[in-house]
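So the protein sequences, as listed, match chains R and X.
Just add 161 to the spot in the first sequence (first one is 1) and you have this note's numbering.
Just add 112 to the spot in the second sequence (first one is 1) and you have this note's numbering.
Don't read these hints as lab results, they were simulated from the structure.
The beta carbon of each residue, even a glycine, is placed where N, CA and C say it ideally should be.
Careful: at least some of the hints might be erroneous.
[What the hints assert, rightly or not] Selected chain X positions facing chain R (in silico; Cβ < 10 Å): (1) M113; (2) H146; (3) E147; (4) T153; (5) L155; (6) D157; (7) S159; (8) E168.
[What the hints assert, rightly or not] Just so you have them, the derived chain X footprint on chain R, three or more residues with Cβ under 8 Å: (9) 768-780; (10) 914-922.
[Claimed, not checked] Simulated DEER-style distance windows between Cβ atoms: (11) P779(R) x D178(X): 53 to 63 Å; (12) D288(R) x R122(X): 39 to 49 Å; (13) P470(R) x D178(X): 40 to 50 Å; (14) Q130(X) x R265(R): 44 to 54 Å.
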Amino acid sequence: MKADRIADPWGARVPYRRHQAWPSRVDTYLAEGVEPGAVQRWVGAASLLHSGGDAMDIAVVDGRMAGVRGRAEDRVSRGRLGPKDLFGWQANASSDRLTRPLVRRDGHLVETDWDTAMELVAARTRDLLDQRGPGSIGFYTSGQLFLEEYYTLAVLARAGIGTNHLDGNTRLCTATAAEALKESFGCDGQPGSFDDLDHADVIALFGHNMAETQTVQWARVLDRLAGGDPPRLLCVDPRPTQVARHATVHLAPRVGTNVALLNALLHETIRHDRVDHDFVEAHTVGFEELAERVASCTPEWAADVCDVPAARISEAAELVGTTDALLSTVLQGVYQAHQATAAAVQVNNLHLIRGMLGRPGAGVLQMNGQPSAENTRECGADGDLPGFRNWQNDSHVADLAKVWNVEPSTIPRFAPPTHAMQMFRYAEQGSIGMLWISGTNPAVSLPELTRIRALLAQERLFTVVQDLFLTETARLADVVLPAATWGEKTGTITNADRSVHLCEKAVEPPGEARPDLDIFLDFARRMDFRDKDGRPLVGWREPEEAFEAWKRCSAGRPCDYTGLSYDRLRDAGGIQWPCTEAKPRGTERLYTDGISWAHPDDCESYGKDLETGAAVDPVEYRSLNPDGKAALKAAAYVEPHEMPDERYPFQLSTGRTLYHFHTRTKTGRVAQLDEAAPEVWVEACAADAVRLGLGEGDLVRVATPRGALEARLRVTDIRPGLLFVPFHYGYWDTKEGDGPDGGGPGRAANETTITDWDPASKQPLFKTAAAALTLVARADGRHAPAPTTTASAPWDPDSVPATAGGQQAYATQNSEPGGTP
Amino acid sequence: MKDGIAHTLRELHHGERQLARDLVAVAERHAEEHEVHHVATDLADWSRDHADRLVEYAAAEGLRLDDDTPEPASGEGEGEDRRGCCSCTICGPCTWPPRRTPCTGRCSRRPPRRPGTNGCWCWRRRVIRRRCGRCAGPTP
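Whenever a hint applies, use it, and build me the whole structure from the sequences.
This is the structure in structure tokens:
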């Protein structure tokens, strides 16, 4: 059976009952003219353009990629693929891939050879180390490289250079997930499993537009909704997402008020005594404080703060408070909003006081945004120490130094690791003299772009950019290194529910492009980093050797990989860590038998004050939580720093759409995906549009105190008073290439966003700003270039033609027979 | 109320008010250090809240805690230390109630959007909503 997978991103239903296994459905897309029989090789991989980790095989014909096919036996996706999986691979073959290194000469980037480019980078590094020390060098990496690459980067940055300035763009997507888990459980590590979707009775999605960010898992929810004993959904989202349309209770709160709403849910849970007292007694500390803090947070109080009817809040509280199996998922609506960590922690609290943890269908999924965000956290490429080691714990640092065979004093730990936003501030001030950016595009993805562009363009800052294309950021660089990507190199990737997949090399990279691992290894060789016995610090040359090195680093840690190997992953598909010799099939759920990593000697973090970010002292942690239980951390609601006023009367949130990933470097180069959402748009509700005399397709200007952008207006059922702009659109496909055309109005959402971040997780706020909306030009028959299949669906369905992919978007789907309705 | 308690309440109230003033000064002096700026602003709110609660408690006990000197507006009282501040007219010390943070020199790199008006780039990008130092209500 074939279907237009742009028009129907989730594919055909295969209904199944609660507690049954999810039936498979194998999705295949082959390039036009390629018959299945003509495929010469199928090479195993997992998806790169979201955090779901859908397992697939890449079709190879005559040394070129020719399509993809889902893997039916894999635990994560059971053969299904989403639109970005089906079509995204085509970007690899774009004609504008970088094929040779570039260096800046007389203000222009010119082609050169690898030796010249790498020697330039190494020479500058040596200069800076000699003159100003390791603190003058910063590394900003991605959420899209492989585990082996992050680990290598972490080793060379920490023990080689000795810098504290190492972070990933996962700071923008998953930092709050990690921080919230550390606050509640003492250690990072996803408690739940995607399999909990098969068993849950209530699924509560907090700021998680699963239908667009994890399309395959949303198909799983749709399959359950179509089968017997379907789950009931609670959706907290200010936009009319597909999740909201299928929800039993939908709350659309004022953005920035998540803590108020969650405190009211906790208040109701405690007031009705829906508390699992045995669990609370056995496994938690801090219940009295939490109860006291939420005592005044009635639904009526929250209704006023959140602008949601109190009756709906009570209904939501009843839903999560009376079910026997609650699964909660959390994503950017919480993580990128005001009081991010405080809110995400309250979701953990809800599960802890209800005892909804470590059982099938009862769990928490603090989600990730990017495909290998999980790996940056494990490997320490997000600034934490590798293997979830605690930088404040001397024995953890000594243990890591032993693994690396260096002196403990080599590993910088005089201060907390520098987070990305602070790193860019240091670069702005000049204390960081070299910034090495791998696989990400801060000139589009960071807040307040005028500032970021000016900062990256500084003469005194030496910028190295390692990427596939000449991105907006690469255009401002001093050295550009052409990288190979997914399908052109080998490595592992771990998804949001700890499933590790092997992605193998299917084809050669274009021109002289090299795997990111090879680039880091080349740098390490040139810098001649040594361990304390004079042997090379980075002693591996191949991905598999790097993986084995990582296994040694992860041994005995929460993210133990010692039971995994490339061969095993090849045979078995996705396996969830921890995976040891004793547990070769991996671990489905954490915390099935109490809280395991919160003991003062074991925990990854002693926690932070949620309002100020001040680190908790080890002694204080030990006295508050001597037995290593889960911490119930209470938080009071505080008003966002920027609220609407007369001049900027709207709230502004940025976000994503189903068809694009990050800054469109790949998805914008794929016809099927690009045509589904070709240009930026802005969403407002019908009442606001009528009040301002605006209509569908009008060209409008969205302005904040930082800057402005112009886009066409889509009138939707979004919450009144709120504007939404997708953040994917930058300038690489405009005339200017790196910024707004001739100083005119911008196209990137981040022209408008504020430089402000959550005090605990340091994740920037993209969802809580104040903005003004004004008309620039009438629609004249045009409509907004926004998809109709998603949260950007028009308020009046007949006003806009439906999004469809046409012939080029037809993909095959073969469902397993015998699904039970 | 005993004299000792009244004296302690007065001292606490005065201390919280002073702390709020100091924190606002820090926040504004370091407007470009975003972490310092935002956290100091939040902490100033804590101190104001503490001061308000002391006033409330004291009033119930028949003691009036005077709102001593009002909090200075941005820039006021710290004119000596205006590191990097540019010379454009709108960035001079503004009058109470506080409404803007001082410019830190960024705008010297860019021309004002609308010369002669409040269109200075650095001012526009730093407008943040503040609470009035006297009543803790939002300022316009």
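Results of checking the hints against the structure:
1. M113: violated, 27 Å
2. H146: Holds - the Cβ of H146(X) comes within 10 Å of chain R, reaching about 5 Å at its closest.
3. E147: holds, 7 Å
4. T153: holds, 7 Å
5. L155: holds, 7 Å
6. D157: holds, 7 Å
7. S159: At 13 Å from the nearest chain R Cβ, S159(X) fails the 10 Å test, so the hint is violated.
8. E168: At about 16 Å, which exceeds the 10 Å cut-off, the nearest Cβ of chain R leaves the hint on E168(X) violated.
9. 768-780: holds (count 3)
10. 914-922: holds (count 4)
11. P779(R) x D178(X): 53 to 63 Å: violated, 43 Å
12. D288(R) x R122(X): 39 to 49 Å: violated, 59 Å
13. P470(R) x D178(X): 40 to 50 Å: Once the Cβ atoms are compared, 43 Å apart, the range 40 to 50 Å for D178(X) and P470(R) holds.
14. Q130(X) x R265(R): 44 to 54 Å: The hint (44 to 54 Å, Cβ to Cβ) holds, given that Q130(X) and R265(R) are roughly 52 Å apart.
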